[in-house]
Structures are given as structure tokens and as C-alpha cells.
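There are 2 protein chains.
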Amino acid sequence: MDTPTPYRYEQLAELIVGMIDNGALAPGVRLPSVRTVSEQHRISISTALQAYRLLEDRGILVARPQSGFYVAAARRGALALPSASRPRAKASTVSISGAVAALLEHASNAGLVPLGCAVPDAELLQSKRLDMALARAARQHGTRYNIYCAPQGEPRLRREIARRAMGIGHALSPDDVLVTSGCTEALTLALSAVAKRGDAIAIESPTYFGFLHTIEMLGLKAFELPTDPTRGVDVDALARLLDMEPVAACLLSSNFNNPLGCAMAETDKRSLLALLARHDVPLIEDDVYGDVYFGRERPKPFIALDGGANTIYCSSFSKSLAPGYRVGWIVAGAYAQRVMERKLAFSLCGAVLPQVALAAFLESGAYDTHLRTIRRLFEENLARMTRTIETSFPAGTKVSRPAGGFALWLELPRRFDSRMLFDEALEHGICFAPGDVFSASRRFRNCLRLSAGHAWNDRIDDGVRRLGQLAQIQLGR
Amino acid sequence: MDTPTPYRYEQLAELIVGMIDNGALAPGVRLPSVRTVSEQHRISISTALQAYRLLEDRGILVARPQSGFYVAAARRGALALPSASRPRAKASTVSISGAVAALLEHASNAGLVPLGCAVPDAELLQSKRLDMALARAARQHGTRYNIYCAPQGEPRLRREIARRAMGIGHALSPDDVLVTSGCTEALTLALSAVAKRGDAIAIESPTYFGFLHTIEMLGLKAFELPTDPTRGVDVDALARLLDMEPVAACLLSSNFNNPLGCAMAETDKRSLLALLARHDVPLIEDDVYGDVYFGRERPKPFIALDGGANTIYCSSFSKSLAPGYRVGWIVAGAYAQRVMERKLAFSLCGAVLPQVALAAFLESGAYDTHLRTIRRLFEENLARMTRTIETSFPAGTKVSRPAGGFALWLELPRRFDSRMLFDEALEHGICFAPGDVFSASRRFRNCLRLSAGHAWNDRIDDGVRRLGQLAQIQLGR
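Line by line, the protein sequences give chains A and B.
Numbering-wise (numbering that gives the first Met the number 0), the first sequence opens with residue 0 and increments by one.
Numbering-wise (numbering that gives the first Met the number 0), the second sequence opens with residue 0 and increments by one.
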């Protein structure tokens, strides 16, 4: 259900990408005409054209009027990848709250070009069917649901969440699921269930600044782990850390790292799980981008690999469907009781009608169709943004190649100062996320994250371009 | 706006109650006929009858067919009040979570007679207009609101909350208000903003078990203050405590104490504020029952008396309108920045559409009409429950006389064990709240709380009666 048969035009597009990757189609080469390819593959002309257009959107092909489609000269991947991080193996006291609040304030300013917050745009999400389900539930059953629901959440929604988990290889019962106010509450409950003030949490580097903020507010410390921009966390480095230091938990955005957009290979995930199990350290995974994958299959979350023995799984519908509904969930396994007690004590229970609406939407089967659309849109957005970066950012700029999600991570030369760019960009009406908020020790000052969660348009394209020019100017000084 | 002119039948009813209270009308005395009273007071016969029926509903008058209305023999107040509490002045480590989870699980079991949870019944709340506002917002503006709103919450709702605060004597700007997931989240944010693990919080005794649970989960301790069932906290005892011990904050359900249903007199509130200000100890007030008052005027919250200088105000719509919407708010004054940072870190922001629906409902002016209805219903429920207690509980049972809210606090003879009754009652299909969950040191084992939040019916009446009989049997053993 979660790995649907791709459409024929997607199959063709993938075939072409494979031929470019293995060198069978070199940059600049003209592709067979749409008519030819439709005959070769026994597909309609419109299907063949759809495949070419898709690759054009992704910046892989270029259309030349009256001539045909060509392999793009500088296609995605022409820029080098950011370096793997090498943080010190020392616990950091986190002090990020001021920077996070300032960033979020600017990021929610509709007057700025929205490259700051990793929130999908409502126009792009098209939540009409879900909103109608909410309207219906409120109109027909408002009184029935004007209650405190059980702290675990609405049973219909928990059933649907459990059903979807089956689709990604993890057998869950609805009773294993506790509904939360977004993934943020799920992570707060998880962290406070496994760690107490002063404990240290092992995290990726770079990592999502929201993790750092929650860690700070709970009085915890952070160990930053060396992280590769495509392979993720360095398991050997984690092994060395665990031999030396007490670690209360490991917290990862498993699929896909925010800001890098990478997911660990399944074998690496298994090694990491085995390592943590040996040291009896629980893994908290944030899988909030997991449904926004660009490959053929959804990467398995950690919980599907260890059966939840040592894993606390957190996710939400905020990145793929309904940021405004604030519905997330947690599967806490051995920690379920502790998590439920904290849910009761910290917020009692969640609003019922949004949960009922989400359940109805999921029951209708519309979510998978929706996800297929969203995934294509985000992948196209990232390709377009990468192209604009290639043509406008300083030479030597490195950029991530996300396997999912909708953010890019840029690394500029060492002397580049993304804080300075941040202030300048605000004056030019552009918001982005400066690199240092993604690190407990405020590393990555020469890096930045650009979000591509909005429907692509000239304003956004121009914003990225101007950002590149400002960076050029800063480095030319 | 919040102190509307009472209806004429309410004025007449109040006059009669006054005459009974000062002895002008003795128990058993027959009242003037409806016709006579309508002529004397220049009101319609139906208005006069409405006044008599109201007092009949409250157990103050008794109707005798073909004869007229009489002052009830054992009217409300015939039972003595519970004793004032005298807890030890020693900080308690709280360990209540198991008991709270068990109680809430039983309380949400629709198969049991619902005397356990202080949640108003959806049938009684009649939230139709609000639900329609939600349906409209979802249908018309779903896309617009499918966003992360600012952590402070939807501006329209904050404006309405500020406007209502004006009505109870406290000038607020919308910017002073932060919307939360119910009052529980507001209290969690407040406590974590003013106290850190190991600190002690001064609380009423008895107090709402949810406070104790949050205190426990944040690793805090509790000082229980002597509390009178009508006058509230003993300010002198608090003064002695503050002279001796470090206290991080004082946490009160100001209007009205849960479970006692009392509010402190305004002069006592002012003394308490002055005392706390002298010791630089912040007051956290939970005003969640404040709109459900039975007197002529809404009691002023603490924040209206000190202008918010040293007060963190928490409330919600859960007790008067929409438990299923999970919308509360906090006004944190000097602690606003710390509270906002914690909101961001713990749950980011709230669901938007329920906030928009509440704003539209409040803007329509329908809330005050709704509150008038609710107040009368809850007051009638409490009067009926008190009457049933009088006729069925053991001699010597003492019962609270709430000035607001919808719960009764019962004190039985010392040797009575409400835990034992709790288990027996469950077997008889009845749920209530045993006394010991209202105390950090697990006092009040001979007490219990009955909730009257449901539309009164024979099942509830019978449940209270059987509870009384079970208590009689226990004490007769």
C-alpha cells in the first residue's frame, strides 16, 4: 500500500535517469523523439511526453523548442556534497532558545520569501478532502465528540495509524499508539520519559533545531555525532562514545535527517540498533518526513527493524498533509506507561474532532494518492532549487542531495558567515535558516538550510538567486 | 457583560431564599399562591411560577399537588460543612500518577454512572453553534488555516479572550495571551517556567489531582496549605510557611476550588497577593471554573487584583463549553517569554481551526447566553445531588456548599474508607473520585468527590443513592 506500482511514465523516467547515471546518456545528448520512445516502449505518446516533462521539471532534461529533449549539461548532482561533520565528543549544554524563537518569528512572516521554515505550504498540500471530513464530523457529530477523549487518543485514528504501520513492515496494535499534539509533543514525552535533568542525549550533527530546543528546555545535554550527508550517523563514532560516556538516549530524525535529507542504509540502521541495545540505550526516532521519499520504496523506520524492542517512534501528519491540525503520534513500547502518564500530566488529551477527521480521511484511502502527488512536487521543488543554486551561489558551494523531505543543506567556504547573510537577507525580504541553529555547539556557521516546501514560483526562484548573489558579495569583500 | 441583569424570576427566587435564610420563612411554611405573588410583585403568573419551580429544582421549595409550594423541611445546607483541613507543614514528594491514571480510566467508562470526572456532559453543554462555526471555518477556509500558527495562538481568539478579561476587571492586550492545549498545558508551562526539579509548590488541601500529577511529573514537591471549605486557603498559615521554607510558587484553583467549590473572599485574595509579593513568590491561578459561578457576580480572579504583577493566569473553555476542543490559555506577565519558549519546545503551537471556531463563537456574543444556561443547570444539579445525599448517606456526612463549578466534596466519619467504597462502587457500576487523590500526602481517605456535570436523570440519582447505601453498609459493619 505504501509502495504502490509506479505509473508507466514514472517507470520510463526512472529508466532514463538510470541510463544517465551509468553514462549511457551523456550530458548534452539528444533523446529519442517522443514518438519513437512511445513505439519502443509500447506506451502512448502522452505518457512518453509526461516522462520527459517530469525529467525536465527535475532539471535532468532540457527541452529545446522545435528540436527535442536533451540531457541537461549541469544536472542535479553537479555540485559537490557537503562534508561529513566531525563534532567534538563532548556533551554540550544547549542554549538555542533565543535563536529558535527569532528564526520562527521571521519564518512565519508572510512578507518574506519563505525559505526559512520546513513547513509545507497549504496551497501545495491541498487539504480540501480532509477539511471537508472535519466539517462533516463537526456538523454531524459535534456533541458526540465534545468530550475529553482517552489520553491515548481517538480509537479510529489509532486504528488507521496502526494499519499504515503494517504497510511499512511493522506490526502494531491500535493500543500501541498514543496520539499527540504534533511530533513535537511526542518528542517531549519521549525525552522526558527516558531522561532526567542533566542527562545527555546523542544526536546527529547537523540536527533539527527543534530537538535542540526541547533538549534545552528539559535541562538535558547533547552529544553531537559525526554525520555524513548521505549515509547519516557514524555508527563507529557512536560506539566509541557509548564506551566512554553515559548516554540516556539517542535521538535521530531517521527518515529523513533534517536538514540533510538523508536516511541511513538499512544495514547501518541495524548496526546502530544492535549497538544501542548492547548498551541498553533507547533510540528515539522522528520519522516525520518518512512518507516524503523519492526512491522506489519508503525507507524502513528503526522501529520496523527492532520490532520496537528498544525504539520510541514519533511522527505526525504535519509534513505531508496537515500542519494546522497538530496531530502526531508516539509508539513508546517499553516506555508506553511512562509516556502515557506524562501525556496525562502535561496536556491531558488531544482535541477530538481533528482526530476524527484524520481517521475518516485515512479510511477513505485518499492519503496514498495525496502522498504520490506531494512526493513528486517536493522532488521537483528540490531539483529546481538546486538548479538555481548552481547558477547563483558562489563557486565551491556544496549542496545536499536529499532522498526525501523538502529542504536543502548548503555548505559554503569556511570564511562564509551565514548569520551575516541572514541579517542581510531579511533586509532584502528573504528568510532562511542559518546553519548554527542546527548544532548544540553552534557549528555550521558557514552552512544554511533552504526549505522548498512552497509551490515553486518566480518569487521563490528570485529569492534563492538573490541569496546566492548576496553570498557572492560577502565572499568577494 | 459578565454580570447581566438577572431575570425577574431570578430576582424573586433570590428574595425568597433571603427570607428563608433570615428566618422570615420557616421550614414547612406554605408560600403565597402564585397568583398572589404575581400581583404583589407586578409580574406575570408564569414568571412567578418559574421562580417557584426554580426553587423547587434547587430543593429549597417543595410542591404539594392541589395545595401549593412549601419551604422544604431539610433544605440545602442542612448537612454540616466539611472540616477545614490541617495538613502538616512539610513538603511532600508526590506519587499519585498510578491512582490518577486508574481513576481517569474508570471515569471515561461510559458504562459506569458518571460521578467520577469533573467534565461537563456534552449533552448538557449543547455546543451546536460552536460546532457549526468549526464546520464553516473548515469548509470555507481550510487551506488558509492549514499552517503552523504563531506559538501564541490565533490572533482572533486572543483578541476575544482579552475582550472577556476586560469584562472581569482586568485590562489585557491580545499580545498578553498565549493559547494552550487546555488548562493542563497552561499549568505545565507555568510550573516549568517558575520552578525546577526539586523545588516546592504551595497548594490547597484538598486540591485538584491533576495539579498533583503535573507537579509529580515535573519532579517538584508540594506544600499543602490548610484550607477552609468556604473561605479557601488560610493566608496566615501560608505566611508562616513562607517565613520558614523556600517556596517556588503558589498554585491555586482560584474560582472555584476543585473539589471544594469555594472561592476566597476578595479581601483574603488581596492579603494573599500582598504576602506572596513580599516574598517574591509567583502565584499560578487556575480559573477554569470561574465562569460557572452561582452568585450575582463573577468572583474576580487574582490577576484582576494585582494587575498581573506577580500572577500567572491559566484557564480554558473545557468546563463551560468545549472539553473536546482542548483550548486553554495562559497570561504569564513577567514570565511570558519563558512560557512562550516552553510552548515552542514542548508542542510548537496549537491546532488552528478549533481556535478560529471558538473566536467566531465568542464574536457572535452567544457565549454569555450559553453561560447563563449552564450556570443554572449546574446549580440545579448540585441542589438535586445534595438532596439525594441528605436522604441516602450515613448520618454525620458533611457536604460542601459550592459557590460555583459542578462538584460536591463529602466528608464521612473518620473510620470511613473511600478507597474501599470506590472498589465496591465499581462493582455496582458507579464511578466517583476517592478523597486521597486530592492530597499530596494522601489525606482525605474518609472523603470523596461527586461530579454533577451530567444532565440529571434517574440513573444518576439512583447512583448517588446506592453510593450512600454502600457507605451506610460499610460504616454499619
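Please note: incorrect hints may appear among the correct ones.
Identical chains share a label here; the pair holds if one copy fits it or two copies do between them.
As the list claims (entries may be wrong) - Listed below are the simulated DSS-like cross-link pairs for lysine-lysine, each with C-alpha atoms no more than 30 angstroms apart in a straight line:
id, residue 1, residue 2
1, K89, K127
2, K397, K127
3, K220, K127
4, K89, K397
5, K127, K195
6, K397, K299
7, K89, K220
8, K195, K397
9, K299, K220
10, K195, K220
Hints are computed from structural coordinates only; laboratory data are not their basis.
Quantities reported herein were computed from a predicted structural model and do not represent experimental measurements.
Now for the hints, and whether the structure bears them out:
1. K89 x K127: Neither: 48 angstroms inside a copy, 57 angstroms across copies.
2. K397 x K127: Classified as neither; 38 angstroms inside a copy, 56 angstroms across copies.
3. K220 x K127: For K220 and K127, neither the intra-copy (42 angstroms) nor the inter-copy (48 angstroms) Cα distance is at most 30 angstroms.
4. K89 x K397: within (27 angstroms within a copy, 61 angstroms between copies)
5. K127 x K195: neither (42 angstroms within a copy, 44 angstroms between copies)
6. K397 x K299: within (28 angstroms within a copy, 61 angstroms between copies)
7. K89 x K220: Cα proximity of K89 and K220: one copy only (10 angstroms, versus 32 angstroms across).
8. K195 x K397: neither (38 angstroms within a copy, 43 angstroms between copies)
9. K299 x K220: within (28 angstroms within a copy, 43 angstroms between copies)
10. K195 x K220: both (10 angstroms within a copy, 16 angstroms between copies)
Consistency with the previously given hints fails for numbers 1, 2, 3, 5 and 8, ordered from lowest to highest.
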